[in-house]
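Input sequences plus hints: build the corresponding full structure.
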Amino acid sequence: MSEKQAENSIDRLQIARDWLPRYTGMPIEAFGDYVLLTNFDYYVRQFADRFNCEIHGYGKPMQAATNQDGLSIVNFGIGSANAATVMDLLSARDPKGVLFLGKCGGLKNSTEIGNFILPIAAIRGEGTSDDYLLPSVPALPSFKLHKFVSEGLVRRNLEYRTGVIYTTNRRLWEHDDEFRRRLHAMTCIGIDMETATLFIVGHYNQISRGALLLVSDVPTTPEGVKTEASDNAVTKNWVDLHLEIGIEAMSDIGAGGEPIRHFQY
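Using the working numbering, the first residue of the sequence shown is number 1321, and each one after it goes up by one.
With a Cα cut of at most 30 Å, we get these calculated DSS-like pairs of lysine-lysine:
1. LYS1467 to LYS1556
2. LYS1428 to LYS1467
3. LYS1428 to LYS1464
4. LYS1416 to LYS1464
5. LYS1428 to LYS1556
6. LYS1556 to LYS1380
Derived CB-CB ranges, DEER-like:
7. ARG1491 to ALA1575: 30 to 40 Å
8. PHE1499 to ASP1450: 11 to 21 Å
9. ARG1476 to ASP1497: 33 to 43 Å
10. GLN1388 to HIS1495: 46 to 56 Å
11. ASP1497 to ARG1337: 39 to 49 Å
12. TRP1339 to GLN1526: 13 to 23 Å
Just so you know, these hints were derived from the structure itself, not from any lab.
If you're wondering where the values come from, they're calculated on a predicted model, not measured in any experiment.
For every residue, glycine included, the Cβ atom is placed at its ideal position computed from N, Cα and C.
Listed below in structure tokens is the structure:
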């Protein structure tokens, strides 16, 4: 690294250290070594109720909480830009592992509402990640982190899917026939707005990362497009389990997992 690059890196880290508390309302030293990420306030409230811990950041862009064991959770909002922002800001804390508990649309007949997906990779269709690494760099999770998540699913006798997620910055695409044909040709198992960005920006910031996605809708069928009512049903039936699996996996890593090392080439 040149002297100029080192200087820019320091400046960037200083900004992140200033903005992480500014965006979340939680001091950097209150963040734990392991972090759960979510798009929804409900996950943070359930986490705080379970561990009787304080929620920071009401009235700010993001909300965060940390339990007594040093596991944190952050609601960073929705979309690839917010996903990049939270991974940049977390570089100020340099966590040992970050797991995204997200929702996605299922794109396969074998992928039904309520299924869990552990992505093996994500296609970078959102554009945001191109500002970090070349488009030819694959968006991948950290294998060792996903190993703990999969072991937790197996212990609970829960089926889960693996496959490639397509990440887009488009929210309303369901009636775009050309876009749907492209999705089919890419053989993706699901679609969301954050996973590829989180994987790439985590790689850029040398943060070990993973995702456990909950299928909340099947947008390629007319009756499967997400509505407020259908999303409320998903929350009622599966979100508590989704959060529980994430808490268990990240707590297990913190308690006795092998170190997750990030190698930069």
